[in-house]
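Using the supplied hints, reconstruct the complex from the two chains, each of which is provided in its own coordinate frame.
Protein sequences appear in the order of chains W and F. Residue numbering for the first sequence follows my numbering, starting at 1 and increasing by one per position. Residue numbering for the second sequence follows my numbering, starting at 1 and increasing by one per position.
Hints in this document: simulated from the structure, not taken from any laboratory. Among these hints, one or two may not hold up.
What the hints assert, rightly or not - Below are the BS3-like pairs computed for lysine-lysine, each with C-alpha atoms no more than 27 Å apart in a straight line:
1) W:106 - F:57
2) W:49 - F:57
3) W:106 - W:49
Claimed, not checked - Each pair of labels, with its calculated beta carbon distance range:
4) W:70 - F:113: 43 to 53 Å
5) W:71 - F:80: 41 to 51 Å
6) F:30 - W:70: 30 to 40 Å
7) W:66 - F:80: 43 to 53 Å
8) F:60 - W:28: 16 to 26 Å
Only a predicted model underlies this, so the values are computations on that prediction, with no experimental measurement involved. Ideal placement from N, C-alpha and C gives every residue a C-beta, glycine not left out.
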Amino acid sequence: AQSVTQLDSQVPVFEEAPVELRCNYSSSVSVYLFWYVQYPNQGLQLLLKYLSGSTLVKGINGFEAEFNKSQTSFHLRKPSVHISDTAEYFCAVRYDSGNTPLVFGKGTRLSVIA
Amino acid sequence: KAGVTQTPRYLIKTRGQQVTLSCSPISGHRSVSWYQQTPGQGLQFLFEYFSETQRNKGNFPGRFSGRQFSNSRSEMNVSTLELGDSALYLCASSLVLAYNEQFFGPGTRLTVL
Chain W
1 AQSVTQLDSQ VPVFEEAPVE LRCNYSSSVS VYLFWYVQYP NQGLQLLLKY
51 LSGSTLVKGI NGFEAEFNKS QTSFHLRKPS VHISDTAEYF CAVRYDSGNT
101 PLVFGKGTRL SVIA
Chain F
1 KAGVTQTPRY LIKTRGQQVT LSCSPISGHR SVSWYQQTPG QGLQFLFEYF
51 SETQRNKGNF PGRFSGRQFS NSRSEMNVST LELGDSALYL CASSLVLAYN
101 EQFFGPGTRL TVL
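Next up, chain F with everything else stripped away, as it sits in the complex (with noise of 0.2 Å):
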């Protein structure tokens, strides 16, 4: 079974252009979380995403936004970009109840000059 891939890799913008990350689940899997990982704040989430709907959404300004299709594969925008926005995109995917195993991607690293 395919694990939680995610697209591109690593990406560079320049500040005040807008992004969008995607994440492709693993196959059977209808929730998907995304979190923003920096060396100062550690790991925070973003939001998460079920069955199409935000079902939770952390502390992040508008500039972050996301969806997700009905094929359960997602994508987060971020406009306007600032040096602060430099991190490290993580998505995850769980089955359906919000306490099982969450299923992590390997990233998208995230520069912005």
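Isolated chain W (complex conformation) (with noise of 0.2 Å):
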């Protein structure tokens, strides 16, 4: 079955520290990759996608991913962050021919501490 790993639950970080959520997701010949991020008591927003070409994608709010085809990984990155940026990061994957569903990571909660 197809699907998504985010290996880490909860990251706590200081601020103005880098960061790293990690995401795996299982094997396919083709995908489309998305971050998506989750504020307390609002929907999810999308911080970035891979569709095609450069393996490294810049999103909003300073974070980037980069997509490792030989290691089905897409981590999210961000050098430097703020208290803001605590939230529930989800990553997202959408297999094949992309007329399929996103199929979701459980997410990781990242905490931010002054």
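Written as structure tokens, this is what we have:
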């Protein structure tokens, strides 16, 4: 079965420190990759996406992610976090032709400590 | 441009009742997807509609159903509610293609007592 694994359920990090949130997906010929953020009592907001082309993708709020096909990973990074980055982060994948539903990881709770 | 709207935002029902949730996509978007979010299971796909046709369905019992109207607005219905149906139900819309960015609404928080 196609699956998405977010290796860390919770990540505490001090303000202005770098952070990496890890995401691995089950292998497939083609994938479309997404990172979403969810703030308390809100829906999901797209941070960035990889559809094709450059494997390094830049998104909003200073986040970036790198698609690594050989390791089937799509890790999210930010060089310096702020208190306002405290939220739940979800990695999501669409497999194959693209006419398939998004498969979400379980989420990673990022807590930024002052 | 207005975002995805969902009504109601909060709902409390008792076991055995039925409920209907509504979603209005962003103007011009023709695809609407529904997800159930719970602490234990995370985000699970319910179904996706495009041009009033269901084109994908997740692994949920038949108590969960949906439809889409000609103006792209969508509703989902849950009949014979169970305690385990308590969740945040999220609706997302996208322009046309499946891999387009999905824009999510704020969700409907359903509590079943």
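Straight-line alpha-carbon gap residue 106 of chain W to residue 57 of chain F, limit 27 Å: Holds, at about 20 Å.
Kindly confirm whether 16 to 26 Å is satisfied by the beta carbon distance between residue 60 of chain F and residue 28 of chain W. 23 Å, holds
Given the proposed pairing of residue 106 of chain W with residue 49 of chain W, does the C-alpha separation stay at or below 27 Å? 18 Å, holds
Could one say that the CB atoms of residue 71 of chain W and residue 80 of chain F fall in the range 41 to 51 Å? 45 Å, holds
Hint says 43 to 53 Å; check whether the CB-CB distance for residue 66 of chain W and residue 80 of chain F agrees. 46 Å, holds
Does 30 to 40 Å hold as the CB distance between residue 30 of chain F and residue 70 of chain W, or does it fail? 36 Å, holds
Pairwise hint evaluation, residue 57 of chain F against residue 49 of chain W, where the allowed Cα distance is 27 Å at most: 23 Å, holds
Starting from the hint 43 to 53 Å, judge whether the C-beta atoms of residue 70 of chain W and residue 113 of chain F obey it. 50 Å, holds
Comparing the model with each numbered hint stated earlier shows that all of them hold.
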